[in-house]
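Protein chains: 2
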Amino acid sequence: MFNFKIKKRSGKARTGLLTTPHGEIKTPGFVPVATRGALKGMSFENAKSIGADIFMVNTFHFYCKREYETVAKMGGLHKFLNIDCPLMTDSGGFQVFSLGAGFLEKTGKISSAVKDVRTKKGESMVKIGENGVFFKSPFDGDKVEITPESSIKAQEKLGADIVFAFDECTSPLASYEYQKESLKKTHRWAKRSLDALSDDKQVMMGVVQGGRFDDLRKGSARFMAALPFFGFGIGGSFGESFGDSKNNMYSILEVLEEELPDEKPRHLLGIGEPEDLIEASLRGVDLFDCVIPTRFARHGTALTSDGRINIESSCYREDKSPLDKNCSCNTCLNYKRSYLHHLAKRGEIYGIMLLTNHNLYFILNLMEKIRDAIDKDDSSEIEKIKKGLIK
Amino acid sequence: MFNFKIKKRSGKARTGLLTTPHGEIKTPGFVPVATRGALKGMSFENAKSIGADIFMVNTFHFYCKREYETVAKMGGLHKFLNIDCPLMTDSGGFQVFSLGAGFLEKTGKISSAVKDVRTKKGESMVKIGENGVFFKSPFDGDKVEITPESSIKAQEKLGADIVFAFDECTSPLASYEYQKESLKKTHRWAKRSLDALSDDKQVMMGVVQGGRFDDLRKGSARFMAALPFFGFGIGGSFGESFGDSKNNMYSILEVLEEELPDEKPRHLLGIGEPEDLIEASLRGVDLFDCVIPTRFARHGTALTSDGRINIESSCYREDKSPLDKNCSCNTCLNYKRSYLHHLAKRGEIYGIMLLTNHNLYFILNLMEKIRDAIDKDDSSEIEKIKKGLIK
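Residue numbers (this note's numbering), protein chains in the order written: chain A, 1 to 391; chain B, 1 to 391.
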């Protein structure tokens, strides 16, 4: 039922086809994130029509109030969302990090709108132990525990095609010693996650951690590679500062490319900036997921072939050009920047819908160009993509 | 270029075809409201695909910051919104009422989220004089004046096919004496509005006022009927209390049906509850506009053939039935109440999109059933619609 076949190679990059019981996924591919079981501002149908072939749902958001039980009663995610394409769920590990170290250090991505999850003394409410993690739910303050077993149970109830092992997602600021100890636990949790999976209609991805340290990443890749995972997530954070995090990520991807089994798919978790999609694809990454296309849209930011623009800027008030003159999405074919500016400034839902459509199209189209260049083994094409983000 | 032709009659009800330079409108028909130039949660294209043939844009929202100037520079509303079907704009009179008496008496519909528009003494900031109205903008506190001439100028710049005369929209609580004096001013403003219109690609609707008083309404209808309007809006409020307002509205519609020229279209402004659409159509009303389908959707309320339901209610958490088992909209064909409940509870944009789609389909479908019954002159069919809201 599940299969990953590499089609073409170009350097370390490769195109492939990942087959699941609900359909095929072209790689390198981008997985749009439907956090709570819906894309924010777009139907699954529309997303599929512009090239999405798989979606990710966040287990965490169905976990805290045991909503995965409701989804199970309704027949699982595919029936609940009425969608017949491949789905994946993450483990919840990343959101726990966002609530813990990520919240205190402002390095996580959980919305600041959630309830304060610190104790009165300002300490993190996330407690990480050998068995799992305890934390205060950001939704209602309830005390919640996630263990490898409970994460996998929730992911089984949700019923996505591809699930992820439960891991500790460490902070980019964590010390070598912390990362090393954490990694050992993540490895024990990886085994427990595998042991907990009983549904043969699902496959599991192990998650390589190790932060910004080459040797830890290498050790993690070797450990995970020895376990019977279907593929591998590459999780956690990279360089300590924003400036060096990209270069650190690229060099770590080169380390992992050598260590991870060539024939299994690799998913770079939570990464989705255009340049990262290109650089990581060139380093042998097969899958990506990220909230950038949808989240940016809600803040008026459009990804374009000339870089990011914020459509709320007053310079676009009377601009008769499309969002991106090189784009063929419905938004660019039908609307001018002036109208999108007007809608974004007023917080109109339709403005979010139009920008979401554009941003997702932009990313999916970029992935298609990357696949084409790899298929043609055309390094000049790849250079063009790298340099100009496909003009 | 503009034409209104009555096709069939059944009692006082009639079906017709209103022709404009941008296309035809079937009557009795419902005009979805695109307040700021966008439906809240739906594309114009989708709305047209489920039967919408005209949209209303609110002049007020383009007036306060002179945004109608930007729209004019972009080529007018049709080009700005990239839409090739008939459009109408209202005059802004209703929103001024909402800010004034409507705000103080809580009878208006302007969102409570706007800035407080009262003076420090708690008085209304809306001053109504012979020349026009002065008020404090709810968007930024700026002092704004609207006169019949400036409303029409803004509507010309917006460039919709059908525009409305500027009127004073009185409170349901206003006394007979107040209404009588106000009505005289509205009549003077109607003439000034007509004088101000210079664009022959637009036609104007006069607005009949007179509150809950039969004799004032009759006098207003006679006055307006004598002026060269293309058709007539029926504006303002009816009975003093919620309980008697519907009956008062129905009886006033019967008065107006006798006074207004038979061959010209009549638009009942701001009314859109299903039972009112039926009762008013039976009393010879041709057009309606209302924010109910879209606004209800944002609050989780669905219009169904069994009446209104709020999908956020916990009773729908595991409900596998569609929103409305008698409905053929995309939402009802594809999604279960449990999923819509989940999305609405979490404030997901996609939940708003799905409910908006359903509610608008429900209303447009109701209008089609009303037109069919009138075309067939089938009173039993009309009774069925009245009783069961088309099961």
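Don't take every hint at face value.
The following residues of chain A were derived to be distant from chain B, with all beta-carbon distances above 12 Å [as the list claims (entries may be wrong)]:
id : residue
1  : Arg9
2  : Lys12
3  : Met42
4  : Ser198
5  : Gly239
6  : Phe296
7  : Asp306
8  : Ile352
Cβ pair distances, simulated, as ranges [as the list claims (entries may be wrong)]:
id : chain 1 : residue 1 : chain 2 : residue 2 : range
9  : B       : Arg66     : A       : Lys73     : 20 to 28 Å
10 : A       : Lys7      : B       : Arg66     : 53 to 61 Å
11 : B       : Asp215    : A       : Lys65     : 53 to 61 Å
12 : B       : Arg66     : A       : Asn334    : 24 to 32 Å
13 : B       : Lys12     : A       : His299    : 29 to 37 Å
14 : A       : Asn334    : B       : Lys73     : 49 to 57 Å
15 : B       : Glu24     : A       : Asp199    : 54 to 62 Å
In silico lysine-lysine, DSSO-like type, Cα no more than 27 Å apart, as pairs [claimed, not checked]:
id : chain 1 : residue 1 : chain 2 : residue 2
16 : A       : Lys325    : B       : Lys184
17 : A       : Lys65     : B       : Lys369
18 : B       : Lys73     : A       : Lys325
19 : A       : Lys376    : A       : Lys26
20 : B       : Lys376    : B       : Lys320
21 : B       : Lys191    : B       : Lys201
22 : B       : Lys320    : B       : Lys8
23 : A       : Lys246    : A       : Lys264
24 : A       : Lys73     : B       : Lys73
25 : A       : Lys127    : A       : Lys153
26 : B       : Lys191    : A       : Lys345
27 : B       : Lys246    : A       : Lys201
28 : A       : Lys320    : B       : Lys325
29 : B       : Lys143    : B       : Lys184
30 : A       : Lys320    : B       : Lys48
For the record, the hints were derived by calculation from the structure and aren't laboratory data. Where a beta carbon is used, it is the ideal one built from N, C-alpha and C, also for glycine.
Taking the hints in turn, this is what the structure says about them:
1. Arg9: 38 Å, holds
2. Lys12: 38 Å, holds
3. Met42: 7 Å, violated
4. Ser198: Ser198/A is indeed farther than 12 Å from all Cβ atoms of chain B, at 24 Å.
5. Gly239: Label holds. Min Cβ-Cβ 34 Å, cutoff 12 Å.
6. Phe296: Phe296/A is indeed farther than 12 Å from all Cβ atoms of chain B, at 14 Å.
7. Asp306: 22 Å, holds
8. Ile352: 6 Å, violated
9. Arg66/B - Lys73/A: 20 to 28 Å: 54 Å, violated
10. Lys7/A - Arg66/B: 53 to 61 Å: 57 Å, holds
11. Asp215/B - Lys65/A: 53 to 61 Å: 59 Å, holds
12. Arg66/B - Asn334/A: 24 to 32 Å: 26 Å, holds
13. Lys12/B - His299/A: 29 to 37 Å: 52 Å, violated
14. Asn334/A - Lys73/B: 49 to 57 Å: Roughly 19 Å apart at Cβ, these two residues miss the hinted range, so it is violated.
15. Glu24/B - Asp199/A: 54 to 62 Å: Since Glu24/B and Asp199/A have Cβ atoms about 56 Å apart, the given range 54 to 62 Å holds.
16. Lys325/A - Lys184/B: 54 Å, violated
17. Lys65/A - Lys369/B: 43 Å, violated
18. Lys73/B - Lys325/A: 21 Å, holds
19. Lys376/A - Lys26/A: 15 Å, holds
20. Lys376/B - Lys320/B: Given pair Lys376/B, Lys320/B is violated - Cα atoms ~37 Å apart, limit 27 Å.
21. Lys191/B - Lys201/B: Answer holds: Lys191/B to Lys201/B is near 19 Å, not above 27 Å.
22. Lys320/B - Lys8/B: Given that 27 Å is the threshold and the Cα spacing comes to 42 Å, the pair is violated.
23. Lys246/A - Lys264/A: Roughly 24 Å between the alpha carbons, so the hint for Lys246/A and Lys264/A holds.
24. Lys73/A - Lys73/B: 55 Å, violated
25. Lys127/A - Lys153/A: 21 Å, holds
26. Lys191/B - Lys345/A: With Cα atoms ~36 Å apart, Lys191/B and Lys345/A exceed 27 Å; violated.
27. Lys246/B - Lys201/A: 58 Å, violated
28. Lys320/A - Lys325/B: Violated, at about 45 Å.
29. Lys143/B - Lys184/B: 26 Å, holds
30. Lys320/A - Lys48/B: 25 Å, holds
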